[in-house]
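Chains as they are written, first to last, in the working numbering: chain C, 5 to 291; chain F, 30 to 297; chain G, 10 to 351; chain P, 10 to 351; chain U, 2 to 393.
Don't read these hints as lab results, they were simulated from the structure.
Backbone N, C-alpha and C define an ideal beta-carbon position, used for all residues, glycine too.
Incorrect hints may have been included.
[What the hints assert, rightly or not] Have a look at the derived ranges for each label pair, beta carbon to beta carbon:
1. P:341 / F:190: 48 to 58 Å
2. P:128 / F:190: 26 to 36 Å
3. P:112 / G:25: 48 to 58 Å
4. C:184 / P:78: 49 to 59 Å
5. F:190 / G:19: 19 to 29 Å
6. C:140 / P:17: 37 to 47 Å
7. U:345 / C:56: 52 to 62 Å
8. F:69 / U:57: 50 to 60 Å
9. U:80 / G:19: 56 to 66 Å
10. C:140 / F:287: 43 to 53 Å
11. P:266 / G:254: 49 to 59 Å
12. G:72 / C:31: 50 to 60 Å
Spelled out, the chains give:
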Amino acid sequence: MYKKLKPYIMLAPVMIIILGIFTMGLVLGFFQSLGYFPVIGLNDFTLKYYKEVLLDKSFIDSFKFSIYISLISSVLSVIIGVLLAYSIFQSKHKKGIEEIIYKLPIIVPHSIAALLVYNMLTQSGVLARVLFSLGFISEQAQFPSLIFDKNGIGIIVTYIWKETPFIAMVVYTVLSNINEKLAEAALNLGANKRQVFWRIILPLIMPSILSSFIIIFSFSFGSFEVPYLLGPTNPKTLPVKAYIEYTNPDLTHRPYTMVINMILTFYSFLLVWLYSKTFKLISKFNG
Amino acid sequence: MKRNSYISKVIMCVIIFLLIFPLGVVLLWSFVKIWPWPNLVPRDFGIRAFEYILNPNNKSIRILCFSVCLSSVVTVITLLISIPAAKALGVYNFKGKDFFKILVLAPIIVPTIAVAMGIHVAFIKLGLANTVLGVVLVHLIPCLPYGIRILTNVFEIIGESMEMQARVLGANSIQTFIRITLPLIAPGLLSAGSLVFIVSFSQYFLTFLIGGGRIITFSMLMFPYIQSGDRMMACSYSIVFILSTLVILLIIEKIVRSYYKGENYFYM
Amino acid sequence: MCKIELKNISKVFENKRVLNDINFTVNEGEMVSLLGPSGCGKTTTLKIIAGLISPDCGDILFNEKSIVNIPVEKRGAVIVFQDYLLFPHMTVEENIGFGLKMAKIKRAKRIARIKEMIELVKLDGHERKYPNELSGGQKQRVAIARALAIEPKVLLLDEPFSNLDTRLRESMRNFVCDIQRKLKITTLLVTHDKEEALMTSDKVAVMLDGEIKQFGSPWEIYEKPVSTTVADFFGEKNYLTGEIKEGIFYCGIGKFRTSFNKYSKVIAMIRPEEIEITDSEENCGLWVKILSKQYAGDKIYYTLIADNIQLKCITNSKNIFEVNQKVWLKVDFDNIVFFESE
Amino acid sequence: MCKIELKNISKVFENKRVLNDINFTVNEGEMVSLLGPSGCGKTTTLKIIAGLISPDCGDILFNEKSIVNIPVEKRGAVIVFQDYLLFPHMTVEENIGFGLKMAKIKRAKRIARIKEMIELVKLDGHERKYPNELSGGQKQRVAIARALAIEPKVLLLDEPFSNLDTRLRESMRNFVCDIQRKLKITTLLVTHDKEEALMTSDKVAVMLDGEIKQFGSPWEIYEKPVSTTVADFFGEKNYLTGEIKEGIFYCGIGKFRTSFNKYSKVIAMIRPEEIEITDSEENCGLWVKILSKQYAGDKIYYTLIADNIQLKCITNSKNIFEVNQKVWLKVDFDNIVFFESE
Amino acid sequence: GNNSNKEEYNVLDKEWKDILEDAKGTTVNFYGWGGSQKTNEWLDDFVAKRLKEEYDITFNRVPMNIDDILNKLLGEKQVDVKKGNIDIVWINGENFYTAKNNDLLLGSFTEKLPNFNKYIDKDSPEVKYDFGFAVDGYEAPYGKAQFVMIYDKVRLDKAPKSHEEILEMVKNNPGKFTYPAPPDFTGSAFVRNIIYDIVGYEKFISMEADKERIQKEVAPAMEFLKEIRPYLWKEGKTYPATIAQLDNMFADNEVLMTMSYNPNHVASKIVTGEFPETSSVTILNRGTIGNTHFLTIPYNAPNKAAALVVIDFILSIEAQSSKYDPENWGDLPVIDNGKLNEAEKKIFENIKLGKGTLPQSVLLEHRVPEMPANIIPIIEEIWQENIPVEGE
Ligand SMILES: Nc1ncnc2c1ncn2[C@@H]1O[C@H](COP(=O)(O)OP(=O)(O)OP(=O)(O)O)[C@@H](O)[C@H]1O
Ligand SMILES: Nc1ncnc2c1ncn2[C@@H]1O[C@H](COP(=O)(O)OP(=O)(O)OP(=O)(O)O)[C@@H](O)[C@H]1O
Ligand SMILES: NCCCCNCCCN
Ligand SMILES: [Mg+2]
Ligand SMILES: [Mg+2]
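Work the whole structure out from these sequences, hints included.
Following this line, the structure appears as structure tokens:
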């Protein structure tokens with residue numbers, strides 16, 4: 005009996021905190037999204053806010069833009085991060101400085117990261133200046149628009165810069181825990197280095213890649229700072245929309261904030277769930 | 030073989046350069062007075078921002094120390110409760126495991142502002158608002174997912190057999206935890222710990238709300254400057270922020286490593 | 010000093026019954042060998058005794074007391090695992106000293122004991138190495154030393170000598186047996202080496218497919234196997250199906266006098282070493298041809314053919330015969346084992 | 010079909026010379042056993058041949074061509090590792106099929122081959138299991154199957170049968186040998202089982218402390234060991250120091266006639282199985298007392314004492330004597346090995 | 002502290018000297034935006050020091066954005082927290098409106114303050130109204146701001162002084178001008194200034210928050226914004242999200258102009274070296290919007306007495322003049338010049354004007370009032386619907 009309960013007992017403290025603190029918040033947020041917010045005099049439950057938000061033509065654009073940003077940035081971060089982790093792992097003969105410095109961007113808060121990418125990529129940024137002094141461009145306007153642009157390049161670059169080391173750190177941690185003799189065994193069975201990576205290393209670190217992907221995807225899907233600071237005026241990502249509604253001093257706008265947030269939450273859970281399901285399917289049938 | 034590791038060295042260096050170079054620019058910016066287009070080097074330098082930060086009147090350094098302590102406490106608590114949870118998720122098979130795995134990500138998935146007000150109300154009711162305890166508790170929320178996920182991965186790899194061996198040799202569960210589990214997960218603990226520290230250290234929205242201004246952290250001082258676009262200030266604060274985090278992390282890493290290294294010499 | 014009783018232990022893994030109603034008793038201070046083919050459930054049995062796996066049903070008694078609810082570390086039953094499971098973050102010394110430390114043995118005493126153990130398992134000079142710097146056999150010795158260091162009440166050895174060379178194996182075995190006898194450690198030894206099992210143990214348990222097929226003294230097990238499967242376990246045998254009528258055993262290769270007369274339809278089991286071959290015709294011989302021969306140092310393995318029936322024969326290497334040579338075969342049918350055949 | 014030559018291979022690990030000037034040749038399709046005590050450098054040798062460790066100096070030739078600069082996966086030398094190293098994220102099937110997949114074998118062919126291998130190593134029903142659900146011996150069999158599946162040019166076996174019971178061991182051994190012979194796979198086998206080494210191999214290399222002490226046919230190694238250390242490797246021996254004068258060997262237990270006369274100061278090595286004991290006095294006997302006795306199924310190990318010198322003796326279990334019984338001892342000093350003593 | 006709950010309730014009934022007495026030895030928590038080094042320094046170095054010396058009050062500045070402050074108060078209101086943390090809030094406009102409307106504030110307290118009574122022109126619309134909303138004594142003026150545009154004399158020899166000149170300028174310098182996208186505070190103010198410049202301000206001052214009506218009234222201004230769009234930075238396809246970014250773009254020579262709601266902003270930016278010495282401000286001839294920022298006390302302020310004392314101190318000549326000095330902050334004073342004696346007037350006159358700024362008199366001449374706060378989000382909405390173009 006105890007054996008059966010043991011995992012639940014071990015999860016209990018975490019669940020008490022997550023559920024305990026979260027449920028209250030989520031329920032209140034949900035009520036507000038339904039227009040129930042007595043303290044400012046909204047006393048009726050209604051679906052009108054949902055209807056309004058969902059029917060707003062810019063909502064779909066924002067939704068697509070959000071998905072696009074977080075998907076592209078997360079996928080690229082994962083690829084570069086894994087590449088980085090593996091190459092550090094490979095070239096590690098003795099512990100080098102690179103093992104510490106690659107982690108630096110993790111320490112940098114997102115808003116600073118935005119500032120930093122801004123410094124690099126605007127038409128008067130460091131990159132433009134370098135190109136100018138090398139003679140590749142002759143005036144600012146020739147430098148492509150990478151910040152506040154509708155392709156969200158600035159946002160994506162910021163997320164990649166911020167999350168690549170995160171992925172690399174997680175993957176590197178796991179890599180160094182894998183029995184390296186397994187790679188030897190694979191080499192010995194005729195796998196070349198690439199195959200060792202794809203067939204042995206990658207599948208073994210895949211669970212960690214998956215969960216870090218989920219983390220960075222949901223983070224970038226739900227956070228407003230970077231797209232707010234570097235995004236185009238139109239379309240805005242959903243979190244930016246929600247944030248702008250939230251900061252509207254007219255509190256009767258609060259239900260819109262909550263509607264957008266509830267939709268965001270719902271889709272994040274859905275995507276995470278779908279992703280982990282498909283991942284399971286793939287890993288079952290690739291044999 | 031040789032050529033391969035050469036290539037990976039090059040890849041590594043390029044990526045690391047791209048990651049680090051912008052930080053160099055931040056460092057530079059914290060001393061820049063003016064840097065007009067198209068100069069490659071700033072026109073004028075100054076130390077206004079650092080003077081401000083070091084000025085005791087605005088308590089930046091005191092608040093920095095407090096923040097470090099606060100985040101350290103949060104980190105320790107997060108890790109302590111993440112370890113059993115991660116072990117359960119990583120080692121055992123039980124009903125609803127997948128559900129729990131997604132649930133622990135909830136704090137990342139659900140936007141903070143969606144739950145902030147509810148949390149605030151709850152904390153006021155519980156008498157936790159405006160207290161250090163309340164802030165510590167609320168920091169656990171965004172920190173836990175990182176702690177749990179990373180440690181879960183580690184537990185999935187190391188499994189349970191070493192712990193079993195220790196139990197068989199007469200170690201009780203606490204001894205097993207301290208002598209076997211901890212050292213085995215130490216690298217993962219370092220990663221998780223540093224990330225959790227960072228997440229807590231850079232929290233500001235929840236700190237505002239629950240700390241209510243009673244508890245002021247370094248990020249609360251820093252963020253207005255980032256928003257106001259005072260690049261010299263923002264970059265200087267960032268540099269202080271980054272350096273202090275780095276120092277803390279290095280100290281932790283040193284302590285952890287020396288603790289387990291030290292065992293080799295005076296283990297009896 | 011602990012008597013172990015297993016009562017009706019069963020265990021199912023993923024719908025497969027791995028252990029099926031296991032019952033046996035190991036008396037205080039006894040050494041019992043557990044033999045059985047790969048995958049028959051030996052490791053699982055040890056793990057259940059140590060408390061690392063809980064049985065689906067059944068009870069385990071240590072000194073007449075049920076211990077199924079006692080936590081692992083309180084049972085005092087130490088396993089030496091088949092795959093060593095050395096702590097990777099500890100040196101050889103630290104690994105060996107781990108259990109002592111857990112038992113809160115004083116530093117000075119601990120150091121002395123570790124030193125002693127390291128000498129006994131002949132790992133001097135490797136004290137400061139980490140497991141990944143050790144050879145397979147060295148790892149195994151550390152695992153043994155680690156378990157013995159704490160002088161456990163019950164010692165569970167899972168093929169502890171499999172990666173050691175004959176000499177080291179012998180000396181380690183003697184050393185373990187000595188300690189075992191001196192301290193009266195109740196010991197259960199899983200081994201694939203039949204000689205090891207027969208020579209070192211007070212009793213032998215033969216396990217097949219999750220069941221104990223025979224449990225008895227080495228002599229009983231070897232000389233009086235309850236079935237051909239048990240018998241086969243101690244080296245390949247020759248089986249001759251036939252009938253016994255009036256003191257005569259009729260079979261494919263001829264008829265032989267025997268004093269056995271319990272059943273009429275029988276299978277005669279002839280151990281290869283019970284077959285003698287010579288090139289000089291003596292009394293009551295049988296004429297056979299040598300089909301193949303394998304040199305094994307002190308012995309030679311022959312395959313013989315007599316009337317289309319192949320027989321295995323092991324002789325010492327003094328008389329060497331050539332393949333295709335015709336030789337005379339001699340079997341003492343009075344002393345061989347007959348099983349009833351249906 | 011590959012001839013392997015090792016030339017002056019040396020390897021130092023952390024200031025300790027693990028391999029010291031190793032030289033030997035394995036001819037095409039030969040099976041060579043590598044014997045040696047734990048930690049002597051056997052695994053290291055195999056890893057160097059496979060390319061997993063690079064030697065500090067020396068050269069390795071495959072078919073007269075140096076391969077030290079050829080990457081591991083191109084060498085075609087497959088190791089079966091002592092600690093299995095199964096891929097934890099792959100099922101038994103997938104593990105076995107891994108090498109085939111790497112070699113881009115077509116799916117249908119691959120599946121057929123995997124099925125065949127699984128049958129051969131008797132793992133039917135375990136195809137879909139993951140390594141952590143297998144018993145020790147099952148893991149070892151997967152490791153063997155995985156290596157053999159790709160029919161390598163060179164097969165390096167590191168104690169591949171150590172966790173298997175005698176019968177399975179024998180059948181696996183025969184199966185490996187069959188394949189080896191059929192495909193002429195040049196094979197190097199590390200084993201602790203002296204019988205295995207002597208029976209299966211074309212040549213035997215005895216390694217001690219990182220050096221090859223003797224390299225020759227099984228018969229040479231067993232019958233003509235170059236030193237007592239090599240001899241000891243095949244079971245414990247009796248050594249009698251003495252002098253030979255005019256065809257008589259004088260030693261602690263008496264004087265014996267011998268035809269050997271190369272040296273005068275000698276050590277006589279008498280294998281325990283070369284000592285015969287009887288209770289009836291025959292010609293030229295010596296009177297000894299039985300000190301202890303160990304039952305080992307088909308054999309009995311006795312310790313005898315004659316004039317304060319202990320002798321080990323192994324007999325078949327037909328004549329059973331009791332401890333303290335006095336028996337007559339017979340040794341054929343004409344056929345024993347003498348070493349020069351200094 | 003030494004003030005029990007009961008006393009707090011009656012703080013507005015108390016005598017000023019009792020209030021001073023109550024405030025003594027206590028700590029006051031001042032919550033407000035903390036993104037300006039100058040402002041922070043003025044509070045930390047000057048105000049805190051003087052309060053300690055004069056009233057033995059410990060001044061604790063908490064940097065917090067107004068929306069966070071309101072949310073905090075709102076949360077406390079829901080649970081009816083009697084004693085919060087915030088004593089003073091730096092506030093104005095819509096946020097004040099929200100706070101007042103949701104009963105988050107203490108009440109009418111300004112009459113209690115000696116300096117308010119002595120120096121402030123209570124009938125001035127700038128004191129009576131905050132973005133068109135009646136103040137009713139719920140907040141005390143703190144400083145004044147006025148919208149200005151900033152340019153670099155070296156790069157732009159003629160600063161535009163009307164919307165027509167802006168059009169001319171952008172046509173001559175395509176891609177070199179832009180404004181922050183509303184609802185950025187300054188960007189929104191720019192749009193309103195353009196509206197005023199084109200259709201005049203008078204009709205908006207008492208206009209109802211009726212979207213259709215507003216839409217009609219601002220249509221010409223929207224047309225103008227569309228007209229200049231192709232000549233804007235990035236062809237008007239996107240706009241900086243915050244004024245901070247526009248400032249940086251100006252500092253980096255990416256655009257020719259930036260703008261500010263603080264006429265002294267340029268001076269402090271020149272002092273810090275972010276803007277070139279040749280930077281200067283310009284205003285529109287038909288006037289630019291001015292507003293006042295205020296200080297208020299939340300309903301559940303734990304130390305209301307000290308809050309009153311601090312606000313009173315900030316309304317003193319000493320504080321207002323110190324604040325006006327561009328070396329310190331450069332924020333326009335709220336004191337009515339007419340209520341000062343000669344010596345006091347001298348104090349203000351002696352303060353050296355910051356580099357690049359306009360004298361207070363010029364500013365006041367061109368000062369027009371803000372629209373009612375509830376119109377502003379509607380205009381922002383209209384802008385959002387009309388101006389930004391989706392990518393091609
Ligand atoms: N990475 C290493 N660092 C230091 N020493 C090592 C390392 N690997 C092996 N050794 C040492 O080298 C010696 C030879 O090791 P090797 O594994 O070749 O032995 P082996 O002959 O295979 O022994 P066994 O039969 O026990 O497996 C051992 O003494 C071992 O301790
Ligand atoms: N976790 C598991 N899940 C499923 N099956 C398992 C698991 N562990 C063991 N088994 C199966 O149980 C059976 C018995 O395993 P056990 O390890 O006890 O065998 P063993 O007798 O020790 O064999 P060996 O001599 O090969 O080590 C094997 O068939 C094995 O495949
Ligand atoms: N807002 C700062 C959070 C920093 C932590 N980021 C970790 C990477 C995953 N998003
Ligand atoms: Mg086993
Ligand atoms: Mg080895």
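Hint check:
1. P:341 / F:190: 48 to 58 Å: 53 Å, holds
2. P:128 / F:190: 26 to 36 Å: Once the Cβ atoms are compared, 30 Å apart, the range 26 to 36 Å for residue 190 of chain F and residue 128 of chain P holds.
3. P:112 / G:25: 48 to 58 Å: Given a distance of about 33 Å, which is not inside 48 to 58 Å, the answer is violated.
4. C:184 / P:78: 49 to 59 Å: 22 Å, violated
5. F:190 / G:19: 19 to 29 Å: 23 Å, holds
6. C:140 / P:17: 37 to 47 Å: Check failed, 58 Å falls outside 37 to 47 Å.
7. U:345 / C:56: 52 to 62 Å: 55 Å, holds
8. F:69 / U:57: 50 to 60 Å: 54 Å Cβ-Cβ, so the 50 to 60 Å window holds.
9. U:80 / G:19: 56 to 66 Å: 59 Å, holds
10. C:140 / F:287: 43 to 53 Å: Since residue 140 of chain C and residue 287 of chain F have Cβ atoms about 50 Å apart, the given range 43 to 53 Å holds.
11. P:266 / G:254: 49 to 59 Å: 52 Å, holds
12. G:72 / C:31: 50 to 60 Å: With Cβ atoms ~57 Å apart, the hint holds.
In the structure shown, a violation is registered for the earlier hints numbered 3, 4, 6, in ascending order.
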